[in-house]
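S.K.: Quick mapping for you: the protein sequence lines, in order, are chains A and B.
So that you can map any letter, position 89 of the first sequence is 135 in this note's numbering, and since no number is skipped, the others follow by simple counting.
So that you can map any letter, position 232 of the second sequence is 278 in this note's numbering, and since no number is skipped, the others follow by simple counting.
Hints listed in this document are in silico derivations from the structure and should not be mistaken for laboratory results.
It is possible that part of the hints are untrue.
Here are the simulated DSSO-like pairs of lysine-lysine, each with C-alpha atoms no more than 27 Å apart in a straight line [to be verified]:
#	chain 1	residue 1	chain 2	residue 2
1	A	K170	A	K146
2	A	K170	B	K285
3	B	K146	B	K229
4	B	K146	B	K103
5	A	K229	B	K191
6	B	K146	A	K285
7	A	K285	A	K170
8	A	K191	A	K146
9	A	K170	B	K229
10	A	K170	A	K103
11	A	K191	B	K170
12	B	K103	B	K285
13	A	K170	A	K229
14	B	K146	A	K229
15	A	K191	B	K146
16	B	K103	A	K191
17	A	K170	B	K170
18	B	K170	B	K191
19	B	K170	B	K103
20	A	K146	A	K229
21	B	K146	B	K191
22	B	K103	A	K146
Protein chains: 2
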Amino acid sequence: MQIPDSPNETLPEILLFDVFGTVVDWRGSIIREGEELGRRNNLDVDWAAFADAWRGKYQPSMDRVRRGEVPWTNLDALHRTSLEEVLEEFGVTGLSGEEKDHLNRVWHRLDPWPDAVPGLARLKRRHVVAPLSNGNVALLTNMAKRAGLAWDLILSAELVRCYKPDPETYLLAAFLFDLPPEKVMMVAAHPDDLRAAAETGLRTAYVPRSLEFGPGVQPEPPDPAFDVTAEDFLDLAEKLGA
Amino acid sequence: MQIPDSPNETLPEILLFDVFGTVVDWRGSIIREGEELGRRNNLDVDWAAFADAWRGKYQPSMDRVRRGEVPWTNLDALHRTSLEEVLEEFGVTGLSGEEKDHLNRVWHRLDPWPDAVPGLARLKRRHVVAPLSNGNVALLTNMAKRAGLAWDLILSAELVRCYKPDPETYLLAAFLFDLPPEKVMMVAAHPDDLRAAAETGLRTAYVPRSLEFGPGVQPEPPDPAFDVTAEDFLDLAEKLGA
Numbered sequence: 047m048q049i050p051d052s053p054n055e056t057l058p059e060i061l062l063f064d065v066f067g068t069v070v071d072w073r074g075s076i077i078r079e080g081e082e083l084g085r086r087n088n089l090d091v092d093w094a095a096f097a098d099a100w101r102g103k104y105q106p107s108m109d110r111v112r113r114g115e116v117p118w119t120n121l122d123a124l125h126r127t128s129l130e131e132v133l134e135e136f137g138v139t140g141l142s143g144e145e146k147d148h149l150n151r152v153w154h155r156l157d158p159w160p161d162a163v164p165g166l167a168r169l170k171r172r173h174v175v176a177p178l179s180n181g182n183v184a185l186l187t188n189m190a191k192r193a194g195l196a197w198d199l200i201l202s203a204e205l206v207r208c209y210k211p212d213p214e215t216y217l218l219a220a221f222l223f224d225l226p227p228e229k230v231m232m233v234a235a236h237p238d239d240l241r242a243a244a245e246t247g248l249r250t251a252y253v254p255r256s257l258e259f260g261p262g263v264q265p266e267p268p269d270p271a272f273d274v275t276a277e278d279f280l281d282l283a284e285k286l287g288a
Numbered sequence: 047m048q049i050p051d052s053p054n055e056t057l058p059e060i061l062l063f064d065v066f067g068t069v070v071d072w073r074g075s076i077i078r079e080g081e082e083l084g085r086r087n088n089l090d091v092d093w094a095a096f097a098d099a100w101r102g103k104y105q106p107s108m109d110r111v112r113r114g115e116v117p118w119t120n121l122d123a124l125h126r127t128s129l130e131e132v133l134e135e136f137g138v139t140g141l142s143g144e145e146k147d148h149l150n151r152v153w154h155r156l157d158p159w160p161d162a163v164p165g166l167a168r169l170k171r172r173h174v175v176a177p178l179s180n181g182n183v184a185l186l187t188n189m190a191k192r193a194g195l196a197w198d199l200i201l202s203a204e205l206v207r208c209y210k211p212d213p214e215t216y217l218l219a220a221f222l223f224d225l226p227p228e229k230v231m232m233v234a235a236h237p238d239d240l241r242a243a244a245e246t247g248l249r250t251a252y253v254p255r256s257l258e259f260g261p262g263v264q265p266e267p268p269d270p271a272f273d274v275t276a277e278d279f280l281d282l283a284e285k286l287g288a
C-alpha cells in the first residue's frame, strides 16, 4: 500500500484481525495446558501432535456447517465434538465430562503473541480494532479479558451465522459502520483468509507467524497482491503510520 | 439482592447497561453541541427544548419498527429522520446536509456521567460488561472510544434486529454466553427497561440518574422488585462486591 500524504483519506478506518494463529499462539497454548493435564492425570500423550490433530478437525467441522450438512453450530460446540474424536485417537480415557469441558475451553485461554497486546493498543489509537474470527463471541470475549486484548468491539462469524471464508463474515463490519469495504482491512497470518477478504473488497495486511505450526514450518511468502506485509503488529502500526 | 458469602455462585457473570441516560448524559451533550452550532450559525434556538423534542421522537420511531410498519432501520437512520422533523419544528433552516449529518452523530459523542468510566473499569474486573442499547453498533463503538468506556464487547439491539423492550434483545447475552438468564443483570436508569428485562429472567440493577431530564424532573423511586438499587456505578460495584 502506498502511504499517502494525507493518510486519513485512504487509510482503513477499521482493522479486522484473524485470531487463531494471527493474534494468539493456539498450538503453544494447547501444548502448555495439555502437559499440565497430562502431569495431573498421568497421561502419556504427545501434546504437540494432539494440538495439531485437534486443529486439523477445525476446517472440516466448519465445512460441514458451511455446506448445510449440519445446522448452525458455534465453534465451542464444534471443538467439543472434535475433542471427543481426538481423545479417542490418542487413547486418552478416564477424563470426566467436567475435565473435558474445561480442556475444550482452552481455546478461550490462548496466549497472545508477544507483540499482540502492545500492537493493538497502538493501532486502536487511530483505527477501530476488532477480531473477525470463526471463534464464537463468548470465546473471543473471554480470551480478550484474560490476555488483555483491547478490542473496540467483538466481531465474530457467529453474528452472521456462517464461517469464514463466506463473504457475509468479511462484510459485516462495513455493513455495521456504513462504510465502503475498502475502508476495512483484514489482518491475518493466512493468505487464504486474505484472498477471500480481498474478493469482497476489503484491504489486506499479511502478518506471517513463523511459529504458528511449530518449528520448521515456514509461512507462505508475501503476495504482492496484499496491501501491506508486516513482521508483527508493531511493524503494522509503523507501516500504517499509527 | 442478598450478598452471599461465596459470591461467585450467585453473582451475575454479565452486566448489561442501558446507555442513553444510564451511562451517558444525552441531554446535556446535545445542549452543549447545539449551543456551539448555534453560535457558529447565528441560530436562536432553545437547545434544551430541542434535545427534549428530538428525544421525544425516539420511542415512537422505534415503535414503528417494532410494529412492522417500516422495515428494520437502525437508530442512526431513525435519529436522522427525526432530526429533519425537529429542525423544521424549531424553524432551523440553512444547515447543509453535511452539517445535519454531523449533528445527527452527536449521539456518537455523548459525554458519560462522571462515575461511568471509573465504575465500569472497576466492575469489569469481576464481570463481563457490555452495553445493551437500542443504539446501533457503530454508535456505541464510537461513543466508547471517545469517552473511554472500557466495554468487554458491544451488544446492541441491532444485532438481533429488534428494539428493547422486545425479549430477544435482553436474552442475546445469555444465548451467546450459554448462560441461564439469571447470570445476566440489566443495569438501567429506567424502571420500564428493568421490568421488561426481569420478565425474561434477567436480574436488575436500578441506577436512577436525577439529572437525565434536566433539573427538577425526579426519577421514579426504587421498586423493591429490583435486585439492587445503586446511586451510581461505583456504588453498584460496592454493592456487588466488585
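S.K.: All hints, please: hold or fail.
M.R.: Comparing the hints with the structure gives:
The hinted pair formed by K170/A and K146/A fails the criterion: a straight-line CA distance of about 36 Å is larger than 27 Å. Our distance criterion of 27 Å between C-alpha atoms is broken by K170/A and K285/B, whose separation comes to about 33 Å. Between K146/B and K229/B the alpha-carbon distance is near 42 Å, which puts this suggested pair outside the 27 Å criterion. Restraint check for K146/B and K103/B: satisfied, since their Cα atoms lie roughly 17 Å apart, inside the 27 Å limit.
For the given pair, K229/A sits about 18 Å from K191/B by alpha-carbon distance, which is consistent with the 27 Å threshold. Pair hint K146/B plus K285/A does not hold up; C-alpha atoms about 35 Å apart against a cutoff of 27 Å. A threshold of 27 Å between alpha carbons decides the hint, and for K285/A with K170/A the separation of about 14 Å falls inside it, so the pair holds. Between K191/A and K146/A, the direct Cα distance comes to roughly 22 Å. Compliance with the 27 Å bound is thereby established for this hinted pair.
Our distance criterion of 27 Å between C-alpha atoms is broken by K170/A and K229/B, whose separation comes to about 31 Å. Of the pairs offered as hints, the one joining K170/A and K103/A is violated, with about 33 Å between alpha carbons and a cut-off of 27 Å exceeded. Proximity of K191/A to K170/B is assessed by CA-CA distance (about 9 Å); at most 27 Å being required, the pair is judged to hold. At roughly 35 Å between alpha-carbon atoms, K103/B and K285/B are farther apart than 27 Å, so this suggested pair is violated.
The straight-line distance between the Cα atoms of K170/A and K229/A is roughly 15 Å, inside the 27 Å bound, and the hint therefore holds. Under the criterion of a C-alpha separation no larger than 27 Å, the hint pairing K146/B with K229/A is consistent with the structure, at around 23 Å. With a CA separation close to 38 Å, the supplied pair K191/A and K146/B exceeds the 27 Å bound. Pair hint K103/B plus K191/A does not hold up; C-alpha atoms about 38 Å apart against a cutoff of 27 Å.
As the CA atoms of K170/A and K170/B are separated by approximately 20 Å, the hinted pair is consistent with the 27 Å bound. Between K170/B and K191/B the alpha-carbon distance is near 16 Å, which keeps this suggested pair within the 27 Å criterion. For the proposed pair K170/B and K103/B, the alpha carbon gap of about 33 Å is over 27 Å, so the pair is violated. Of the supplied pair hints, the one linking K146/A and K229/A is violated, its CA atoms being roughly 42 Å apart against a limit of 27 Å.
For the hint pairing K146/B with K191/B, the CA-to-CA distance comes to about 22 Å; that is within 27 Å, so the pair holds. A C-alpha spacing of about 52 Å is found between K103/B and K146/A, which places the hinted pair above 27 Å, so the restraint is violated.
Consistency note: the structure conflicts with the earlier hints numbered 1, 2, 3, 6, 9, 10, 12, 15, 16, 19, 20, 22.
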